[in-house]
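Novice: Between the sequences and the hints, there should be enough to build the whole structure, so can you do that?
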Amino acid sequence: MDESTLIARVRAGDSAAERALYDAHVDRVYRLAFRLAGDDALAQDFTQETFIRAFDRLGSFRGDAAFSTWLHTITTTVVLNGLRKVKRFRQREADIDDAHEIGTMQRHAEPDLKARLKKAIDELPEGYRTVFVMHDVEGYTHEEIGAALGVETGTSKAQLSRARAKLRVALADFAGEWTT
Amino acid sequence: MMQEHEDPKFDQWLKDRAQSYHSPLPTPREEMWKRIEEARRTKHVIELRPWMRWAVAAAAVLALGIGIGRWTAGPVGPSPDSGGTRVAIEIDSLADQAYEVAATQYLSRTETFLTAFRADANRSANTGRLARQARDLLTTTQLMLDSPAANDPRLRSLLGDLELVLTQISLLNPLENGRDRDLITDGMNQSNVLPKLRSAIPAGPVPARTQGAL
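These protein sequence lines map, in sequence, to chains A and B. Numbering of the first sequence is given in numbering that gives the first Met the number 0, commencing with residue 0 and proceeding in unit increments. Numbering of the second sequence is given in numbering that gives the first Met the number 0, commencing with residue 0 and proceeding in unit increments.
Source of the hints: derived by calculation from the structure; they are not laboratory data. Mixed in with the good hints there might be a few duds.
To be verified - Listed next, the in silico PhoX-like pairs over lysine-lysine satisfying Cα-Cα at most 20 Å (straight line):
id: 1; chain 1: A; residue 1: 156; chain 2: B; residue 2: 8
id: 2; chain 1: A; residue 1: 113; chain 2: A; residue 2: 165
id: 3; chain 1: A; residue 1: 156; chain 2: B; residue 2: 14
id: 4; chain 1: A; residue 1: 86; chain 2: A; residue 2: 117
Specialist: Below is the structure:
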């Protein structure tokens, strides 16, 4: 069954079609949510919220773009808004904790490449990190990213380029690995 | 044309190494589908009707009134009569705005708090502070449970679930909480409280002061 027929059946209230549509897309939605959130509970929350919204708003899907594009627009909105809320909550916690921990900072051992890379990606500005994860890690095209984030394809390319440049600086200690 | 900082070798190396970044677990399809189905079933039932919004607002205004009362009370404050009038005027003028946002704000705050609590369940967040925040939310939850809003069985069930979870968090022992936190998180997952809570939050954009809903 092609996707437009499936969508029509979902609109008509066919619960089996809902499940089929979910099965067709859930892996990619969950993967993206997990890559951006780095946490299983959050990734599950974001995935569930994405599909709940998608089913509720399916009436507004006009079919101008692919369903997956429309779905990933919802995914990125849900994930990025959700992460901002969690970040604000954690920041408030950290601000108060910091006030009690001045003078107790410890110098950590030099982490390995994997940890350094994770930290460097985590510290990218939100827009750069999102584009980098979608393109270089999850394999989305710039066209898909532009459509999902509501930006021009050129903006997506520019943000990826800046993200890579920042990561190159952050990982300069490991330059030997990619120059040999 | 290649940009100044482009380096195909670095780009490929980075791409390969970055596959380890937040490497996803297998998709928990069935668990998520069950929660989606349940949330969608309850979504159309837990709609805050106009009278409920007033009831929720009354609870919020009561809490607000207590706050204003505390704020205006003081050793060099106005006489009780003029202070009372001022508080009444304040409450009257705020009530119209309060009922618009009270329900969404309460539900959004609780949802943010529980989402962050669950995400931080294995981290060393400050348990004492979490317990205090849970107690604040618990007060509003109990006001809502005592209001006519709780006559709706679905909303009452949701408020009951929230009361239980918030009570458990408010009683967390800062010295020995790892297992307790796990139990609370398991309980939240089993009762499906977060999806139900999200279903009760009105769809669409919400006022900025509510900090937005997922």
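Novice: With the threshold set at 20 Å, check whether the alpha-carbon distance from residue 156 of chain A to residue 14 of chain B stays at or below it.
Specialist: holds, 15 Å
Novice: Is it true that the CA of residue 86 of chain A sits at most 20 Å from the CA of residue 117 of chain A?
Specialist: holds, 17 Å
Novice: Mind checking the alpha carbons of residue 156 of chain A and residue 8 of chain B for me, to see if they're no more than 20 Å apart?
Specialist: Holds, at roughly 18 Å.
Novice: Are the Cα atoms of residue 113 of chain A and residue 165 of chain A separated by 20 Å or less?
Specialist: Holds - the C-alpha atoms of residue 165 of chain A and residue 113 of chain A are around 16 Å apart, at most 20 Å.
Hint check: no violations occur; every hint is consistent with the structure.
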